[in-house]
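Novice: What follows is the residue order along each chain.
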Amino acid sequence: MGNKQPYTVLVVDDNLLNLKLIEKSLSKEGYLIFSADNGPDARSIALDKLPDLILLDIEMPGENGFDVIKKLKDDAATNSIPVIFLTGVSEVDAKLKGFDLGAVDYITKPFHPLEVLARVRIHLKLSIATNSLIQDQAAKLRQVTKAQVAMMPLPEDHPHAKFGVYYKALQEAGGDFYDILNISDKITGYFVADSSGHDIETSYMTASVKALLAQNCTPVYSPAESMKMINDVLVEILPQGKYLTACYMHINRTTLKLTIINAGHPPVVCLPVKGDPFLIKSEGDVCGMFSDAHFGIENLNVNKGDRFFIYSDGLVESAEDKITWVSGADGLLPVYETLRDVPYDRAPKEMISQLFGNNCCPEDDIVLLCIEV
Amino acid sequence: MDFKYLASKIGIDDEDFMELVELFITTTLSDLDKIKQGMAAHHPADVGAAAHSIKGAAGNMGFEAISELAKRMELQAKAGSLENFDAYILDLEAQVNQLSTN
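In order, the protein sequences belong to chains Z and C.
Mapping to the numbering used here: the first sequence position 27 is 20, numbers consecutive.
To get the numbering used here, take the position in the second sequence, counting from 1, and add 3.
The set of hints was computed from the structure by calculation and includes no laboratory data.
Just so you know, not all the hints are guaranteed correct.
[To be verified] Output of the computed footprint for chain Z on chain C, the stretches with three or more beta carbons under 8 angstroms from beta carbons of chain Z:
(1) 11 to 20
(2) 47 to 56
(3) 74 to 88
[What the hints assert, rightly or not] Negatives, chain C to chain Z, calculated, CB over 10 angstroms:
(4) Tyr8
(5) Leu35
(6) Ala97
Small disclaimer: the values here were computed from a predicted structure and weren't measured.
Built from N, CA and C at the ideal position, the CB exists for glycine as well.
Can you build the whole structure from these sequences, using the hints too?
Specialist: And the structure:
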């Protein structure tokens, strides 16, 4: 709704006199009126012109007002247009049904043109306020997205960590994130988490967890100790019902020892220099929910060139295909084999491209890290 | 009938009101035809729908006597009875004709 464009109102009534009366009353106040005397025409005009408001008669031959509003509300293009319906004074059931179907108000017939004008004004004002609120919130969420992406470390800034990444947040405030921790020259920590929810609160969690990782992932603590301390703080600060699934992988490139701490997260995939890819399954509680949480711990001896893939469940789950990561992770093992000759920094994007095609449209947030020892 | 008063009551100017009166006469005569056809075909539902249309339009214009008469016809027709409709129609036609000579 621009400032200089006139507000547009679609009036729908099978009675030409009523149409004309409303048209005359509203147009002299500066509104641009479209009119329809039947349901199908009304829907067609609504789609074509996207009016700012619709005045809709209920009792019409053929497709009545209820049919029209139901179809308008079922269509994403028209479902946010406020609809005021016109109904007889005694028809309580009709009024209730109209509200049930998504109308914002009703005007009883016979109507007074000045009442029509007043109700049109108030609902346009409400609509403007709502739209402005939505735009304001969307702008804030876009800022959150930028801030969240900026918090994710880039491979070129951490060459010693030898990793590649694919990160995609499905919504403005994504629930997945990762971090790289340079514990020493030869010791690196890799953290991937998926928080419950995709709201602003969730994205603020990213900053909190990053701060906790920086404080607790140091040479003096073992990976298990680091995760326990992070868990204990999160239990205190996370809102009720919020938690993380997380995987923390700790590689010492001098001793070639690797530790994985798993907190309810999908299994890490190992693609060894020699041998077939396999899953490192270890069960553990989620993070931030229980103060006495028990995490899965796996210690492995690794070789230079071995690769590890840590990812969020968006990679392996599909709600549409009813695949959970328990079965999805196994099914993807042959795909990792095809990445053997792809440089580690390009492997995540190549994997996503193989799974989702180039026009990637996953159902959930995705983070995928490929780490080479 | 005081059109000036009715025009000011519904908040539009006299010229627009006169235009609407002409439209009202046209649509009401058309609805009256539908009522007659409905009576000939013994379809009270059609008669009721046309009377409903007249009732609403007349109510919006402030023609209360016409609206009341149409309401009585609508309720009766929707209850399945077309009794006395010949008389109602004559009455309605007379009131509508009176508008055109106003």
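Novice: Each of the hints needs a verdict: does it hold here or not?
Specialist: Status of the hints after comparison with the structure:
Here's how the stretch 11 to 20 of chain C fares: 4 of its residues keep a CB closer than 8 angstroms to some CB of chain Z, so the rule of at least three is met and the hint holds. Counting residues of the stretch 47 to 56 of chain C whose beta carbon lies closer than 8 angstroms to any beta carbon of chain Z gives 3, which reaches the threshold of three, so the coverage claim holds. Only when three residues or more bring their CB closer than 8 angstroms to a CB of chain Z does the claim for the stretch 74 to 88 of chain C stand; here the count is 0, and the claim is violated. Distance to chain Z confirms C/Tyr8 as a non-interface residue, since its nearest Cβ pair spans about 14 angstroms, more than 10 angstroms.
In this structure C/Leu35 is separated from chain Z by more than 10 angstroms, as the shortest Cβ-Cβ distance comes to about 14 angstroms. Distance to chain Z confirms C/Ala97 as a non-interface residue, since its nearest Cβ pair spans about 19 angstroms, more than 10 angstroms.
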